[in-house]
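Protein chains in written order, with our numbering: chain C, 21 to 344; chain D, 49 to 340.
Calculated from the structure, these hints are not laboratory results. Just so it is clear, the structure is predicted and the values come from calculations on it, not from any experiment. Take these hints with a grain of salt, some might be off.
[Stated by the list, open to error] Computed Cβ-Cβ distance ranges for the label pairs, DEER-style: (1) C:T199 / D:V260: 23 to 33 Å; (2) D:Y99 / C:L57: 47 to 57 Å; (3) D:H256 / C:D185: 53 to 63 Å; (4) D:H256 / C:G51: 18 to 28 Å; (5) C:G51 / D:N59: 56 to 66 Å; (6) D:N242 / C:I126: 49 to 59 Å.
Each residue gets a CB set at the ideal place from its N, CA and C atoms; glycine is no exception.
Below are the chains, spelled out letter by letter.
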Amino acid sequence: MAQVAETVIPSDRPSQRASSHRRTVTRFKWGVLGPFLLVMGAVLLPVLFVQLYFSFHSYTIYLGNWWEAEFAGVDIFRDVLTDPRFGWAIVRSLLFATGSTFGCFIIGFALALLMYRPFPGQAIYYIFFILPMLTVPIVIAYTGEMLLYQNGPINGIISSVVGYDVNTQWLTNANLALTTVMLMEIWNWTPFTFIVMMAGLASLPREPLEAAQVLGANRWRIFWEVQLPLLRPVILLALVLRFLEAMAEFPKTWSLFQGGPGSATETVPVYIFLTTWQYFDISRGAAMSYVVMVMMIFIVLGAIRILRREKRTLDRMYERGEEA
Amino acid sequence: MTKSRKHLAFNVFRYAVLTVWLAIVAFPLFWIVATSFKPDHEWFAWRPPVYWSETPTWDNYLNVWTTFASYADTQYVQSLQKPWIALRNSLVISLLATSLAVVSGAIIAYGVSRYRILSEGRMFQLLVLRMVPPIVIVAPLSLYYAALNLLDTITGLVLIYYITSIPYAVWMSKSFIDEVPLEVEQAAEVLGANRWRIIFEIVLPVVHSGLVATFLFILILTWSEYLLALILSKSEVVTLPVELSKYQGSSEGRVYGRQAALAVGITFPLIIIGLFIRKHLARGFSFGMVKR
Chain C
21 MAQVAETVIP SDRPSQRASS HRRTVTRFKW GVLGPFLLVM GAVLLPVLFV QLYFSFHSYT
81 IYLGNWWEAE FAGVDIFRDV LTDPRFGWAI VRSLLFATGS TFGCFIIGFA LALLMYRPFP
141 GQAIYYIFFI LPMLTVPIVI AYTGEMLLYQ NGPINGIISS VVGYDVNTQW LTNANLALTT
201 VMLMEIWNWT PFTFIVMMAG LASLPREPLE AAQVLGANRW RIFWEVQLPL LRPVILLALV
261 LRFLEAMAEF PKTWSLFQGG PGSATETVPV YIFLTTWQYF DISRGAAMSY VVMVMMIFIV
321 LGAIRILRRE KRTLDRMYER GEEA
Chain D
49 MTKSRKHLAF NVFRYAVLTV WLAIVAFPLF WIVATSFKPD HEWFAWRPPV YWSETPTWDN
109 YLNVWTTFAS YADTQYVQSL QKPWIALRNS LVISLLATSL AVVSGAIIAY GVSRYRILSE
169 GRMFQLLVLR MVPPIVIVAP LSLYYAALNL LDTITGLVLI YYITSIPYAV WMSKSFIDEV
229 PLEVEQAAEV LGANRWRIIF EIVLPVVHSG LVATFLFILI LTWSEYLLAL ILSKSEVVTL
289 PVELSKYQGS SEGRVYGRQA ALAVGITFPL IIIGLFIRKH LARGFSFGMV KR
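With the hints as extra help, turn the sequences into a complete structure.
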């Protein structure tokens with residue numbers, strides 16, 4: 021299993037069979053991809069058209085049939101793009117995603133650095149540390165509420181440690197609410213950066229490290245100048261994937277806060293949800309969705325460029341590792 | 049001497065830090081289990097909070113999961129709570145969607161691994177399906193589903209979960225298939241076995257442990273999915289996470305004990321599954337890019 025298969029492309033084989041072979045492969049290709057593309061086309065394509073339709077036609081649930089909605093041109097898009105609340109939702113989402121990504125990363129990486137070499141108890145810690153990511157997000161939200169309400173156990177514990185009454189309003193203070201969700205997101209997903217960094221550290225090639233040690237470099241220099249550069253692909257991968265997931269975070273934010281207090285936790289997914297299912301303004305929701313989708317596709321394409329480059333580096337590293 | 053002292057200091061530091069994080073990780077999980085065994089009056093106890101009830105009770109579990117008359121009459125029971133139906137829905141939907149995704153994902157992955165039926169660029173484009181937040185399509189999707197009578201049906205949810213799981217299924221199973229040497233297949237091919245037989249009788253059996261890992265990994269994701277399940281179901285195909293969220297809006301106020309009892313039921317299987325495939329989690333979440 022450990023051997024790396026050489027990827028032999030069939031067209032490299034003796035040429036007399038090549039063209040018939042190519043035809044078989046083409047048939048195989050469409051036989052395999054066909055059903056998937058069909059399902060995807062049947063479900064997603066119409067959805068994109070429906071969305072486009074609503075973005076250009078004024079429709080709320082209170083009007084009659086949606087197919088008779090009035091054409092509104094670019095009015096709805098203009099509305100959405102000049103809506104400060106939408107702008108703030110985007111800012112909040114970016115803040116939330118950046119903050120929780122770095123939180124997860126720093127803690128996960130630190131834990132991985134302390135743990136990647138075997139020591140007594142390693143397996144137990146490892147098992148416990150991955151539990152949060154196996155917990156259903158919605159369960160995390162409710163557990164968070166049980167722990168964090170004003171007269172709840174967390175404040176209780178802090179109070180008994182510091183010796184006076186702590187009344188942090190984790191859930192009702194508008195200045196704190198987004199941080200509260202961020203802390204939950206960090207609790208939830210630090211395991212992801214942790215396991216990825218553990219795997220990254222475990223597969224580091226030995227020679228550069230040993231060479232640096234032989235040359236008498238101290239631990240800091242080895243870390244900054246040898247390990248960190250070698251870990252770059254894994255680090256970027258963890259950051260990119262975590263950031264994208266955090267941009268889409270909905271269950272915890274919604275079930276705890278529904279955007280409140282005020283609009284303190286109104287991230288993009290929450291604001292779109294509110295617009296569509298609480299204000300029933302289907303058109304605005306659709307137009308916002310389009311804006312966000314375009315924005316996210318650009319972000320994702322950027323992310324993919326990074327992932328693609330780093331995956332190549334990683335693959336080369338694994339290949340070298342297997343040869344050695 | 050100095051070296052061993054340094055080593056000792058490092059060890060103390062290491063265990064201290066790890067234990068602090070262990071407490072942070074374990075406390076919420078402990079709390080939800082503890083709460084699920086607490087009688088009503090201990091749910092909100094404050095200064096000191098009740099860590100572990102001195103009179104633990106199964107009432108919360110019985111109230112949530114059974115309809116015994118004596119429990120069904122208590123003040124917290126609600127007609128809309130149907131955890132067994134939600135459990136069945138969750139099982140059917142996540143098992144169906146996951147199986148479909150893994151089977152077709154593994155076959156696509158085989159094609160990519162051996163015949164490059166998707167270029168590297170296309171493989172990465174596949175990730176867009178997973179990385180663009182689902183919220184951006186969910187409103188038109190629900191209208192479209194309504195038009196097709198797919199709203200609030202198992203088929204509807206299975207279809208969309210299948211699509212969103214495909215990137216993971218293809219990438220993860222490809223990372224396993226890539227590790228299988230070609231010789232066996234070539235031998236079978238020389239003996240005249242056709243491609244489908246090679247796939248189903250040689251390649252997939254060889255990577256079966258990897259496919260099981262892929263399957264369980266995707267099962268975890270579909271099982272805990274919330275947004276799509278919330279919007280694409282109304283009353284018929286409510287899944288467990290959505291069922292759990294119903295306690296929140298309940299008119300009786302917060303019923304932490306019941307919520308905890310249901311939450312334990314939802315999370316426990318996932319933790320078992322997750323620990324079972326813990327060696328493959330990094331690979332799964334990184335789309336097979338990080339290996340161990």
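Starting from the range 18 to 28 Å, see whether the pair D:H256 and C:G51 falls in it by beta-carbon distance. Holds, at about 23 Å.
Verify the CB-CB distance for D:Y99 and C:L57 against the hinted window 47 to 57 Å. holds (55 Å)
Range hint 53 to 63 Å: satisfied by the CB atoms of D:H256 and C:D185? Holds, at about 58 Å.
Confirm or reject the claim that D:N242 and C:I126 have a C-beta distance inside 49 to 59 Å. holds (53 Å)
A range of 56 to 66 Å was offered for this pair. Does it hold for the Cβ distance of C:G51 and D:N59? holds (58 Å)
Given a hinted range of 23 to 33 Å, is it respected by the beta-carbon distance of C:T199 and D:V260? Violated, since C:T199 and D:V260 (Cβ atoms, about 40 Å apart) do not stay within the stated range.
Consistency note: the structure conflicts with earlier hint 1 alone.
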